[in-house]
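A.B. asks: Each chain, letter by letter, is given below.
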Amino acid sequence: MERRTIFAGWVLPVCLVAPQLLLTFFFFLWPAAQAMWFSLMRQDAFGIRTEFVGLENFTDLFADPLYLDSAVRTVVFCSAVAVLAMGTALLLAVFADREIRGRTIYRTLLIWPYAVAPAIAAVLWVLLLNPQIGIVAHGLKAIGIIWDYRLNDTQAMLVVILASAWKQVSYNFIFFLAGLQSIPKTVIEAARMDGARGWRRFRTITLPLLAPTVFFLIVVNVVYAAFDTFATIQAITHGGPGKATETLMLKVYRDGLINLDLGSSSAQSVVLMVGVVVLTALQFRFIGRRNAE
Amino acid sequence: MSPRTDWVAHLVLCGGVALFLLPLWLLMVGATQDGSAIARGELSFLPDLRNLGIFWEVLTDKGPGGATIWHMLLVSGAMALAIAFGKIVISLLSAYAVTFFRFPLRMVCFWTIFITLMLPVEVRIVPTYAVMANFGLINSFTGLAVPLIASATATLLFRQVFLVVPDEMVEAARMDGAGPLRFLRDILIPLSAANMAALFVIVFVYGWNQYLWPLLVATDPKLDTIVIGIVKMIGGDTVTDWNRVMAAAVLALLPPVLVVLLMQRWFVKGLTEGDK
Amino acid sequence: MATLELHDLRKSFGATAVLHGVDLALNDGEMLVIVGASGCGKSTLLRLIAGLEIPTSGQIILDGRDVAQLDPAERDIAMVFQNYALYPHMSVFDNMAYALKIRGLSRDDIARRVRETADILGLGPLLDRKPRQLSGGQRQRVAMGRAIVREPKLFLFDEPLSNLDAKLRVSMRAEIKRLQRRMGVTSLYVTHDQVEAMTLGDRLLVMHQGVPVQLATPMEVFERPATTYVAGFIGAPAMNLLPAVLCQDGTAADLGRGLIIPFADGKRDGADGRKLTIGIRPEHIAPDPAGMAMQIDLVEPLGSETVLIGRLDDGELLSVKVPGRAPADALIHVSFPAAALHVFDAETGLRLG
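Protein chains in written order, with the working numbering: chain Y, 1 to 293; chain C, 294 to 569; chain E, 570 to 922.
The set of hints was computed from the structure by calculation and includes no laboratory data. A virtual CB, placed ideally from N, CA and C, is assigned to each residue, including glycine. One or more hints might be untrue.
What the hints assert, rightly or not - Calculated lysine-lysine pairs in the BS3-like style (CA-CA distance at most 27 Å, straight line):
#1 K562(C) <-> K736(E)
#2 K525(C) <-> K243(Y)
#3 K185(Y) <-> K562(C)
Said to hold, decoys possible - Computed, partial: chain C to chain Y, Cβ under 8 Å:
#4 H303
#5 V322
#6 G356
#7 L430
#8 V498
#9 N502
As the list claims (entries may be wrong) - The following label-pair restraints were derived from C-beta to C-beta distances:
#10 Q702(E) <-> L29(Y): 31 to 39 Å
#11 F582(E) <-> A371(C): 17 to 25 Å
#12 R343(C) <-> R701(E): 49 to 57 Å
#13 F202(Y) <-> L345(C): 40 to 48 Å
#14 R4(Y) <-> R701(E): 45 to 53 Å
#15 F202(Y) <-> F428(C): 52 to 60 Å
#16 V75(Y) <-> L374(C): 55 to 63 Å
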């Protein structure tokens with residue numbers, strides 16, 4: 001899309017766009033290029049000599065069971081967070097879209113958690129589920145469940161999923177509600193005249209019309225779960241117990257900045273970048289198709 | 294709508310509200326209670342009203358790094374504001390340049406900005422850290438805020454807003470004698486005020502809630518943000534002052550939540566219109 | 570207050586030529602209406618004069634100075650846009666004052682001039698409102714006021730009435746004409762609406778495919794259209810155009826089926842057998858019991874008159890406008906009065922004689 005009317009000259013626009021380009025170059029392009037460069041290198045244990053090893057870092061990575069475990073874990077984690085956060089949000093949005101009393105108050109009370117930092121969301125959930133102080137944890141103990149996410153792998157995963165999904169519900173809710181409101185009332189009325197009601201109307205009319213929103217949110221939620229939850233996981237479990245909640249993001253952080261394995265962590269960064277690029281490309285392809293329709 | 298489905302809607306929505314408010318309530322209530330009682334698992338659902346002063350007292354508490362809570366709040370606020378204003382200004386100007394002008398390499402510039410959409414800070418964390426180290430920006434406020442200023446989302450949002458400004462509006466301004474900078478100041482900025490407000494909310498929350506980047510780039514406790522501070526507080530194995538952690542968490546949570554609630558109308562519109 | 574001359578003005582967008590050389594001279598205080606179907610280049614012509622586009626070649630002489638390469642701001646021209654293009658965030662007062670502020674007029678001067686203009690347009694009580702609080706007609710007035718307040722050398726109107734409903738359009742049309750007379754500002758008015766063109770213009774410029782085809786007073790354009798295009802464009806319902814050939818040494822037209830009509834205004838050039846197009850306006854076709862038979866397919870009552878659309882016996886389509894009600898029969902007889910004929914060359918479409 002282009003404008004018809006423009007201003008003449010090129011000095012002014014170049015000056016206007018320069019700050020953003022400089023920032024983009026120094027903090028996006030250069031680091032990305034460096035990551036690719038380092039991913040082809042290997043440093044010795046003392047960080048003195050660096051040699052070019054081609055794709056060896058990548059082949060090592062994909063042969064490393066720890067890395068593959070972490071990848072599978074990340075996929076499970078992301079899927080669970082996306083499904084949980086989107087499902088809850090959709091349910092709430094459908095009801096909040098109804099013409100009921102107090103719906104503006106409901107909406108306000110459902111969107112504020114958008115502002116909560118992932119790290120703070122973690123604190124809230126520790127408060128509920130910490131084996132010593134958590135109210136829910138005490139409840140679980142009372143009905144005979146041995147609860148300690150600091151020792152039990154599955155429980156740890158469950159906690160980080162819950163805390164991560166909880167924080168993302170608001171974001172999804174906002175988008176689902178906007179999506180529902182943008183469906184023309186006449187379409188719904190036509191479906192009513194055709195005799196579709198309740199669940200059937202939702203499944204055959206509302207949901208297909210909501211598909212673009214759903215797809216957009218899948219991408220956003222997966223990216224959120226893959227990267228933004230670093231703080232959540234770090235605050236609750238540090239990736240533990242063992243490596244039970246170590247997602248790819250935590251692994252990059254640990255290998256690159258704690259263990260200082262520049263080659264491997266750069267290769268991991270490159271893999272993550274490719275992942276994001278693929279997701280974004282998918283999203284734009286889909287949105288492009290929607291616009292063309 | 295029949296009364297019965299109304300009733301179901303209220304039930305579901307109340308459930309959702311409770312899901313969000315209950316943890317918050319516990320956090321606020323817990324802050325007013327005795328830390329050692331909480332550590333024993335004796336958290337009460339009712340606040341101890343005699344102890345409301347805790348939210349004031351905790352401001353001067355020192356975190357594990359040695360910085361006080363109020364100092365951390367200050368750093369968080371300064372960082373969030375710097376990122377929000379920086380991002381709005383820089384994105385506004387670059388979006389204006391790529392939509393209202395034709396200059397050499399314009400599309401190259403646009404795509405260069407655009408691909409940053411695919412490089413969230415977390416993905417390029419290790420190499421970006423290396424670049425920052427080269428510039429000597431580790432442990433500086435500049436290093437904390439500036440790398441988070443550049444991003445494509447805000448530029449794309451402004452571009453979308455600018456693209457739908459009617460051509461006639463631009464032409465009318467030109468006929469009235471307005472040059473490009475005057476048009477930007479008198480027409481375009483006032484026209485996109487609502488979008489700027491929305492963007493402010495989104496970016497402020499984004500900046501305030503940062504964790505990974507500050508964790509890396511600012512190891513000096515003087516630059517600890519409140520979010521970093523709190524995670525450090527609960528990170529230790531033996532936390533006894535649970536109520537103080539909770540009070541600090543309430544303070545950490547309040548500014549971005551208030552910003553969202555006060556600017557809710559613009560924020561929701563801006564968020565969904567810009568598609569992220 | 571100024572004169573405007575265009576000399577061989579051309580504009581191409583890439584390889585597409587939109588204007589193929591326009592020459593034009595506007596007298597001081599004149600209202601000239603440019604009329605044509607969409608895509609004829611009329612809006613491009615207006616935008617070139619406004620300075621919103623730069624011509625590929627040619628001159629635009631405003632008050633003796635070539636302004637073709639100048640920025641709009643340096644031309645002292647005001648424009649009323651089709652969708653008004655009011656600044657939505659500014660009050661009516663600020664909308665009107667904006668150009669004056671940019672010119673650095675004093676606060677008092679600005680306030681005085683805006684108030685005067687607002688009084689002329691009856692906008693006085695609305696000065697503090699925002700555009701969204703105004704009706705369509707009021708917005709239209711503000712757009713006019715914004716142009717008037719600048720006291721420019723030249724007014725440009727780009728289909729300013731097309732967003733109004735039919736009734737408002739008629740009253741605004743009259744108002745524009747009154748205002749333009751009163752201010753005496755040289756004006757160019759672009760429209761595709763022939764009624765607007767006929768009623769508003771001191772002169773009309775009819776454009777077709779980037780070429781000006783006729784420049785004349787409205788009545789001249791109506792009575793002596795220069796081409797078959799103009800003939801068909803101006804007048805409602807459109808003029809009937811029928812094929813014919815020249816005959817009887819150039820003094821008559823043979824329309825076939827034995828119908829030969831001698832010209833009322835003398836001989837036309839060319840050999841007998843030259844192909845012609847004969848035009849006759851529906852209102853000039855007279856019922857005549859001795860004339861041609863016409864089968865009526867469609868009746869369009871307009872109240873005081875009625876349009877009959879039908880076919881001659883050889884299938885030729887014809888529309889006829891008769892006063893009063895439609896005749897009861899589906900078959901009528903009509904004839905073409907010689908004095909009402911328009912004669913065009915069939916190939917070039919140009920008027921003959």
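A.B. asks: Failing hints, ascending?
C.D. replies: When the structure is compared with the hints, numbers 1, 5, 6, 7, 10, 11, 14, 16 turn out to be violated.
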